[in-house]
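Protein chains: 2
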Amino acid sequence: MKKILILGGGGMIGQKLAQKIIRENTFGAAEITLFDRAFPVGDLGLKAITGNIADPTLAAKLVANKPDYIFQLASIVSGQAEQEFELGWDVNMMPMWYLLNALKDQHDVSGGSYVPRVVFTSSIAVFGGPYPDKIDDEFLSAPQTSYGAQKAACELMLTDFSRKGFMDGVSLRLPTICVRPGKANKAASSFFSGIIREPLNGIEAILPVADTVRHWHASPRSAAGFLTHAGLLDTDKLDGRRALNLPGYSCTVEEQIEALRRAAGQEAVDLIKPVPDEAIIGMVKGWPRNFAPERAIKLGFTSEASFDEIIAAYIEDDLKR
Amino acid sequence: MKKILILGGGGMIGQKLAQKIIRENTFGAAEITLFDRAFPVGDLGLKAITGNIADPTLAAKLVANKPDYIFQLASIVSGQAEQEFELGWDVNMMPMWYLLNALKDQHDVSGGSYVPRVVFTSSIAVFGGPYPDKIDDEFLSAPQTSYGAQKAACELMLTDFSRKGFMDGVSLRLPTICVRPGKANKAASSFFSGIIREPLNGIEAILPVADTVRHWHASPRSAAGFLTHAGLLDTDKLDGRRALNLPGYSCTVEEQIEALRRAAGQEAVDLIKPVPDEAIIGMVKGWPRNFAPERAIKLGFTSEASFDEIIAAYIEDDLKR
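Protein chains in written order, with the numbering used here: chain W, 105 to 425; chain G, 105 to 425.
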């Protein structure tokens with residue numbers, strides 16, 4: 105019986121991940137524990153623990169039963185980490201330090217036999233401009249946001265604790281995930297989902313940037329797939345570079361809107377209202393636009409090949425009709 | 105009167121830096137405070153504080169008088185960080201976190217007017233192979249040692265606290281500094297100095313690697329120069345990328361030995377005894393060999409243009425005759 109711990113298990117991707125693991129029996133017979141500060145209504149019937157990830161004493165308790173797989177998804181989003189500087193480091197960086205040390209303690213107590221798989225959701229926010237046309241697997245991590253710096257620092261720690269054999273970690277630099285179900289969040293990237301999701305639900309959506317903005321996307325379905333794939337990955341194939349740029353689809357907002365038109369007609373597109381927001385325009389300017397994630401593709405990670413597919417995934421998985 | 109704080113001020117580079125600042129009056133009228141766990145015999149007549157850099161309460165005390173320039177050089181070396189894993193993170197990473205937070209507190213208390221220059225000695229150990237022929241300024245930081253991971257994590261934190269305007273930081277990825285005066289240390293790179301220094305002092309030296317090994321060097325004199333140059337640098341020119349690959353000289357051990365022969369004759373070269381050490385051979389295999397540090401050169405950082413110059417700097421500055 106495998107023990108699986110999902111930190112941030114109450115979040116959108118955490119819930120998708122748990123559902124996928126159950127549905128597909130990814131790790132065979134498994135007991136899943138979710139941790140988060142709160143859980144959505146309508147739980148999955150799994151063991152759920154609430155608490156504050158920034159509590160330095162928490163990690164030791166969460167890993168006392170030696171989980172075989174730990175998915176570390178807990179995080180505050182980019183916009184919030186930028187506005188609340190101290191909270192950002194306290195929630196997005198220090199808990200990784202606590203977690204790695206707690207896992208190392210269990211490793212040491214076990215005499216070295218306990219070497220869990222740790223999968224961490226990093227982000228393409230670890231990159232900062234100026235960028236080449238396509239960011240390749242050797243491009244530097246020089247983040248220009250606190251969120252990106254925090255994720256990059258976590259990557260470094262996870263890689264080093266893994267290199268030493270205390271655990272077996274992988275950091276996944278997720279594309280901007282859209283179309284996210286539910287409500288807009290504080291992420292500066294939230295509008296990428298909003299301009300598709302709200303019109304599909306007959307609601308007006310705000311577009312705060314020009315439609316020429318190009319960005320890098322994958323669906324929530326792909327995000328869950330990245331995570332389970334990383335859980336089962338032969339990490340010897342990573343050659344010590346345990347942070348991966350993942351596949352995604354690069355397109356402009358205009359192309360997104362054209363895909364929406366194909367999926368739901370002009371009526372849906374008419375619900376998008378351009379309302380320029382200088383703060384968001386400024387942040388988005390610094391974001392990556394396109395990648396050549398050859399390592400991850402060779403390692404078998406897959407995502408959508410068009411924005412139509414990304415919209416279709418939302419309609420199939422999340423749109424309530 | 106400028107206040108200058110040198111953390112690691114008892115170390116070889118810290119002492120060279122303090123001497124240079126005094127000799128050249130780099131920052132005008134200045135009061136220099138050195139901090140270290142211990143100081144060499146024959147001090148510089150400066151204010152010297154001893155303590156443990158890993159003490160979480162230390163930084164607040166050290167920066168209570170709002171130093172204008174902080175040089176953070178305190179560190180354990182690569183070999184020790186590899187052998188003593190927990191000590192490495194406690195000494196090489198966490199103190200940067202304490203320091204940045206203590207400086208931010210002073211910034212906040214000052215109503216935002218206190219924005220000190222922080223110069224951090226990072227290392228080319230932030231890089232990990234496989235490498236291109238020459239590492240350019242956009243090559244990724246994917247360290248393969250704990251020392252490198254710790255330095256890279258510090259860079260990320262310093263950059264983000266600086267981006268927010270709490271301080272004004274620069275991280276310098278020092279080449280391997282040689283010829284170091286004094287005794288061999290626990291750094292795996294110590295032999296690069298030893299094979300020159302010991303023969304020049306009439307002592308036998310051990311060469312633990314093949315003479316085909318290529319590496320990237322600058323003198324202690326250049327190291328002190330990098331630090332003062334970074335202290336005076338117009339950081340607007342960094343465009344937010346506050347970690348710099350520095351100039352150096354790339355050569356093989358064989359070329360080093362030939363330069364020694366030119367400086368001190370066959371008699372000196374005969375004192376080098378090849379004694380292969382598999383542990384050191386293994387570590388050195390993963391080290392960078394050559395760089396194209398265009399940004400730093402444009403920013404006015406300079407170093408030696410030959411290994412003969414590096415040896416000459418040792419003879420002029422440190423060799424006791």
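What the hints contain is simulated information worked out from the structure, not anything from laboratory work. Some hints here could point you the wrong way.
Any copy, or any two copies together, can satisfy a pair, since identical chains are not distinguished.
Said to hold, decoys possible - Derived lysine-lysine pairs resembling DSSO-like cross-links, with alpha carbons at most 30 Å apart:
(1) 389 <-> 268
(2) 389 <-> 341
(3) 151 <-> 165
(4) 377 <-> 402
Intra/inter-copy verdict for residue 151 and residue 165 if alpha-carbon distance must be at most 30 Å: Within one copy only: 15 Å inside, 46 Å across.
If the cut is 30 Å between Cα atoms, do residue 377 and residue 402 qualify within a copy, between copies, both or neither? Neither: 40 Å inside a chain and 46 Å across chains, both beyond 30 Å.
Up to 30 Å between alpha-carbons, please classify residue 389 paired with residue 268: within, between, both or neither. between (38 Å within a copy, 18 Å between copies)
What label fits residue 389 with residue 341 when the C-alpha limit is 30 Å: within, between, both, or neither? between (34 Å within a copy, 19 Å between copies)
Going down the numbered hints, you'll see the structure goes against just number 4.
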